[in-house]
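Enquirer: Go ahead and model the full structure; you've got the sequences and the hints to work with.
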Amino acid sequence: MIKEINDFASLFGSSLKLDEELTVRKQNRIFLIDETLKKTAPKNFFYAGTYLGRIVKGKLYPSFELLTMIARKKANEIILDKKTEWLFICGRDVFKQGIVKTIGPSRKGEHVLVLNDHDECLGYGRILCDLEKTKSGLAVKNILDIGDFLRREKQT
Amino acid sequence: MSGKAFFIDRYRKLGWEHSTTRLKQAIRINSANAKPEKTLERLRNLGLKLEKTPFLENGYWVEEAKFSVGATSEYLLGLYSIQEAAAQIPATLFTDVKSKSVLDACSAPGGKTTQLADLMHNTGVIVALDIDRRRLTATANHLERCHVKNTALCELDAREASRLNANFNRILLDVPCSGNPAADKGWFNRRTIKDVQRNARLQKEILAATVKTLDDNGEIVYSTCSLEPEENELNIDWAIRNLNLRVEKIDCYGQEGLTNVFGKTLDASLSNCRRIWPGQTQGFFVCRLKKGEPT
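These protein sequence lines map, in sequence, to chains A and B.
Numbered continuously in this note's numbering, the first sequence closes out at residue 149.
Numbered continuously in this note's numbering, the second sequence closes out at residue 345.
Hints are supplied without guarantee of correctness; some may be wrong.
Said to hold, decoys possible - Calculated cross-link-like contacts (lysine to aspartate or glutamate; reagent style DMTMM-like; alpha-carbon spacing at most 20 Å):
no., chain 1, residue 1, chain 2, residue 2
1, B, Lys340, B, Glu91
2, A, Lys76, A, Asp27
3, A, Lys76, B, Glu91
4, A, Lys31, B, Glu194
Please keep in mind that the hints were generated in silico from the structure rather than gathered at the bench.
Note that the structure is a prediction, hence the values are computed from the model and not measured.
Expert: Have a look at this one:
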């Protein structure tokens, strides 16, 4: 479990130190719980503590809390302007003109966390072109954004 | 025994003249995730006009919004939640919740669970129960959106709470109820007195089962969004006589609970409960209970 999470964090040039004892796998979902919750939570819980993501066929699909945890560390990030922030949350890819700041490597194929101007993590994506060399056009492919909460509401 | 005239006549006998109300949308600022004043500033910058709800610390009525308040970055980042004003009251009635163990016995869809976690600043532990898998999923989404970290969500009927093998300092019983016409336009056409009686029985069963998991010095907050005395004062009167519970004084919005219902005199301490007739908010009933005789 920790390996999948560390591998995922490394996509952003980051690393997380999680206590294996406090990570719990429920079917394909992974949770991080604290000592108090570990003592109190029923063993057959549906959800507990901090949801980190789910693993399907060996691939980690991260939670937003996990992305936020990575964002708090040193990680590859882009920061968006207000208009682009909303477009990203609506599931759209990011145009170069909407990126106000880049932190860390910005080469094609790299993964980046996507933040707003309050340093809040909105999701993540994959860089489509070398950001330093590009002036305009599509720059980052949206992989996951917090608009997912709205999409889930529609499903439930 | 159903229909609008039947229920309106009951309300009149209980001291309330029915009138149609238009509920204002309300939000609650999640203070654990950001400074409330910062969140308010961001919302005002978006063009949202808010009015402070006078009886709530972090509650605001939405006076004007040119967009859905459930579709902003701030909402999706868990900086606030959409929660009707009266529904924000129950979780605030515990004397203190930080670092406590809390049972939220009927938690879905999770508005009060996230509020409790916010009041606890993610300290202590909440065990939140519900029996509906689909609603548990919705609650889990709320927990994730609001960055809740101290909660375990379990698929369990509140009447089987003793299976948790745990005792709690605080128990929130926001029990399943018949609802009220202010929050449900089709209410009068749907509800009958049999529904009310069935819900009242279920609520008693939940009270009886969960009180067994309460610490000796623990507190229960009981709430419904029903106006029917069978689900409120009559149930609490029953709990005083049968479960060795007492009603504590609370300082909150609403009128005193009824001590006489359709000619039946109830325990005088029922006046410590709060009955909220629809008006500024939807209908609600709340009270705080402790074990044993008054001190």
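Enquirer: Hint by hint, say whether it matches the structure.
Expert: Hint by hint, here is what the structure shows:
Among the hinted pairs, B:Lys340 with B:Glu91 is inconsistent with the structure: their alpha-carbon atoms are about 40 Å apart, more than 20 Å. For the given pair, A:Lys76 sits about 38 Å from A:Asp27 by alpha-carbon distance, which is inconsistent with the 20 Å threshold. Restraint check for A:Lys76 and B:Glu91: satisfied, since their Cα atoms lie roughly 18 Å apart, inside the 20 Å limit. Proximity of A:Lys31 to B:Glu194 is assessed by CA-CA distance (about 18 Å); at most 20 Å being required, the pair is judged to hold.
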